[in-house]
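> In case you want the letters, here they are:
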Amino acid sequence: MEKKKEFKILAYLTAFFLFAYFMPVEREGFMDAVYEALYLVKWYAREHVLLCLIPAFFIAGVIAVFISQGAVIKYFGAKATKWKSYLVASVSGIVLAVCSCTILPLFSGIHKRGAGLGPAIAFLYSGPAINILAIILTARVLGFEIGMARIIGAVIFAIVIGLLMALIFRKEEKARAEEALKFPEEHGGRPLWKTSLHFFILVFILIFANWGHPEVAEGAWYWLWNNKWVITSVFGVLFAFSLIYVIRLNRWYVMGSAVAVALATVFFPDTPVIPFTTGFVTLSIITGITPGEPREWLLSTWEFTKQIVPLLFAGVLVAGFLLGSPESNGQGIIPNEWVAALVGGNSLFANFFASIFGAFMYFATLTEVPIIQGLLGSGMGKGPALALLLAGPAISLPNMLVIHSVIGTKKTTVFILLVVVMATFSGLVYGKFF
Amino acid sequence: MKKDRVEIKIFGSGCMRCEKLADECREVAQELNVAVSIEKVTDQDEIINEGVLFTPGLMINGKLMSSGKIPVKNTLKNWVQNAAK
Chain A
-16 MEKKKEFKIL
-6 AYLTAFFLFA
4 YFMPVEREGF
14 MDAVYEALYL
24 VKWYAREHVL
34 LCLIPAFFIA
44 GVIAVFISQG
54 AVIKYFGAKA
64 TKWKSYLVAS
74 VSGIVLAVCS
84 CTILPLFSGI
94 HKRGAGLGPA
104 IAFLYSGPAI
114 NILAIILTAR
124 VLGFEIGMAR
134 IIGAVIFAIV
144 IGLLMALIFR
154 KEEKARAEEA
164 LKFPEEHGGR
174 PLWKTSLHFF
184 ILVFILIFAN
194 WGHPEVAEGA
204 WYWLWNNKWV
214 ITSVFGVLFA
224 FSLIYVIRLN
234 RWYVMGSAVA
244 VALATVFFPD
254 TPVIPFTTGF
264 VTLSIITGIT
274 PGEPREWLLS
284 TWEFTKQIVP
294 LLFAGVLVAG
304 FLLGSPESNG
314 QGIIPNEWVA
324 ALVGGNSLFA
334 NFFASIFGAF
344 MYFATLTEVP
354 IIQGLLGSGM
364 GKGPALALLL
374 AGPAISLPNM
384 LVIHSVIGTK
394 KTTVFILLVV
404 VMATFSGLVY
414 GKFF
Chain B
42 MKKDRVEIKI
52 FGSGCMRCEK
62 LADECREVAQ
72 ELNVAVSIEK
82 VTDQDEIINE
92 GVLFTPGLMI
102 NGKLMSSGKI
112 PVKNTLKNWV
122 QNAAK
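Chains A and B, in that order, give the protein sequences. Read in order, the letters of the first sequence correspond to residues -16 to 417 in the numbering used here. Read in order, the letters of the second sequence correspond to residues 42 to 126 in the numbering used here.
What the hints contain is simulated information worked out from the structure, not anything from laboratory work. Keep in mind that the hints are not guaranteed to be accurate.
The calculated lysine to any residue pairs, modelled on SDA-like cross-linking and capped at a C-alpha distance of 20 Å, are [as the list claims (entries may be wrong)]:
| id | chain 1 | residue 1 | chain 2 | residue 2 |
| --- | --- | --- | --- | --- |
| 1 | A | 415 | A | 135 |
| 2 | B | 81 | B | 111 |
| 3 | B | 61 | A | 290 |
| 4 | A | 57 | B | 90 |
| 5 | B | 114 | A | 282 |
| 6 | B | 61 | A | 288 |
| 7 | A | 95 | B | 84 |
| 8 | A | 289 | B | 61 |
| 9 | A | 57 | B | 92 |
| 10 | A | 62 | B | 92 |
| 11 | B | 118 | A | 275 |
| 12 | B | 104 | B | 83 |
| 13 | A | 62 | B | 90 |
| 14 | B | 114 | A | 275 |
| 15 | B | 110 | B | 90 |
| 16 | A | 289 | B | 115 |
| 17 | B | 110 | A | 286 |
| 18 | A | 95 | A | 152 |
| 19 | A | 57 | A | 174 |
| 20 | A | 154 | A | 395 |
| 21 | A | -13 | B | 57 |
| 22 | A | -12 | B | 64 |
| 23 | A | -13 | B | 79 |
| 24 | A | -13 | B | 81 |
| 25 | B | 114 | A | 290 |
| 26 | B | 110 | A | 275 |
| 27 | B | 104 | B | 90 |
| 28 | A | 25 | A | 305 |
| 29 | B | 104 | B | 46 |
| 30 | A | -12 | B | 65 |
| 31 | A | 289 | A | 35 |
| 32 | B | 81 | B | 103 |
Only chain A is shown next, with the shape it has when bound in the complex (with noise of 0.2 Å):
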């Protein structure tokens, strides 16, 4: 056992020595990529953390705790209507699991114990794919509409493929195990529409805090725009009220919270992000001094927290580096013409390349993000950036090794095409409208 520790500490220094060694420091442009990629890594720390990764962590937190996972596996028995469960397949990557190997038994279960092959694997699509953090940051950094056309992208994905893999092996389908798939046991709790409520406002919060500068300085955007942070207040109002209601907070920690952000907008009535972030930090402090739920509440907040951010950090240094950013229309290491030689424009080829490329590459959740805007900034078109997004995340090497153990070579293999044709077909309908 610790044999096999040293020898992996060893494999790492060797690894950093062979690079420092042969680092080409001297070569023109190395500098510059570096600069590239810090730069990035500033411009994500100054735009992205505060306002929209922080609340973000906050609502896959409250997901985490407060919403039972046991209500959505119902709809996956044996007994569930087929439409049902496939509509729920496609949406519950959004209140499930981050990561797609968490997911696995339960894509074992319902495949053989459950709803059958159609769900099972709309479910195993669905899951990593449409998770909410990932399709925050996308709209966020990528822009409105390709995040919308990732969400909308990733469920229909999930419905036509399942149906499809049902359709192809419905022979192979007809024996199934006779014990059907056990439960975990129901802790009531309160009622759904109460933390839906609690977990909307948290949304809009995001959402308005978000709002982007729209192009024409006119109409009701604009209009938002210019409100936006009193719209986030009202919304931060409602907050305080759900928590001493539906969490159940004492209302004196509340309250005192509140007065710290109130306080924090009249000294710097110009700067909302003080403010905001006040409010983040006194809501951290009251939770984790209430046990219970609440505290859980903070803890598994803080668990995503951990787990992203160094590798999301990671990711950006590595894609500012390699590509260099689009914010300051810099050079990384890889030239832009390679880019846009491979996955530039519309071509039936480049969305091609960018769905191979996504189905075989492994993701950290969330680095899809600075990677696809590191290789739109060098010249990739629009239609393969979807293409990617909608193959990339969904399957990897590792994740397909594993479904295969599960679904066997034939299967998995009709799977990755799916993906991969429908990921091309996709990129090429969007890219020729936007």
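Please build the complex by placing chain B on the supplied structure of chain A, with the hints as guidance.
Chain B only, in chain A's frame:
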């Protein structure tokens, strides 16, 4: 009833989080000075048979304690301590 060791089963296909859970269990056992046996279950069928739908799953003395997450260390400590009594 006092058992000579606490039986811990960890369910998961061998991803990073399952390994981490196994490590934490080992650490906790060491800190509490409790004899444990840790078994890793990687077979998908067996995982589902035991009612684990999300990995990593943790079973102590035949009882499923958690699934889909790595429990906080203090909670884990309590569980192992209670199981050892």
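> Evaluate each hint against the coordinates.
Going through the hints against the structure:
1. A:415 - A:135: 17 Å, holds
2. B:81 - B:111: 15 Å, holds
3. B:61 - A:290: 13 Å, holds
4. A:57 - B:90: 17 Å, holds
5. B:114 - A:282: Roughly 12 Å between the alpha carbons, so the hint for residue 114 of chain B and residue 282 of chain A holds.
6. B:61 - A:288: 17 Å, holds
7. A:95 - B:84: Holds. Residue 95 of chain A to residue 84 of chain B sits at ~14 Å (cutoff 20 Å).
8. A:289 - B:61: Distance ~14 Å between residue 289 of chain A and residue 61 of chain B Cα, so the pair holds.
9. A:57 - B:92: Satisfied, since the Cα-Cα distance of roughly 13 Å is no more than 20 Å.
10. A:62 - B:92: 18 Å, holds
11. B:118 - A:275: 17 Å, holds
12. B:104 - B:83: 18 Å, holds
13. A:62 - B:90: Holds - the C-alpha atoms of residue 90 of chain B and residue 62 of chain A are around 18 Å apart, at most 20 Å.
14. B:114 - A:275: 16 Å, holds
15. B:110 - B:90: Holds - the C-alpha atoms of residue 90 of chain B and residue 110 of chain B are around 19 Å apart, at most 20 Å.
16. A:289 - B:115: Status holds; Cα separation ~18 Å.
17. B:110 - A:286: 10 Å, holds
18. A:95 - A:152: 14 Å, holds
19. A:57 - A:174: 17 Å, holds
20. A:154 - A:395: Holds: residue 154 of chain A and residue 395 of chain A sit about 17 Å apart, inside 20 Å.
21. A:-13 - B:57: 16 Å, holds
22. A:-12 - B:64: Holds: residue -12 of chain A and residue 64 of chain B sit about 13 Å apart, inside 20 Å.
23. A:-13 - B:79: Satisfied, since the Cα-Cα distance of roughly 19 Å is no more than 20 Å.
24. A:-13 - B:81: Roughly 18 Å separates the two Cα atoms, so the pair holds.
25. B:114 - A:290: With Cα atoms ~16 Å apart, residue 114 of chain B and residue 290 of chain A stay inside 20 Å; holds.
26. B:110 - A:275: Judged against 20 Å, a Cα distance of about 17 Å means the pair holds.
27. B:104 - B:90: Roughly 13 Å separates the two Cα atoms, so the pair holds.
28. A:25 - A:305: 16 Å, holds
29. B:104 - B:46: 15 Å, holds
30. A:-12 - B:65: 16 Å, holds
31. A:289 - A:35: 16 Å, holds
32. B:81 - B:103: 13 Å, holds
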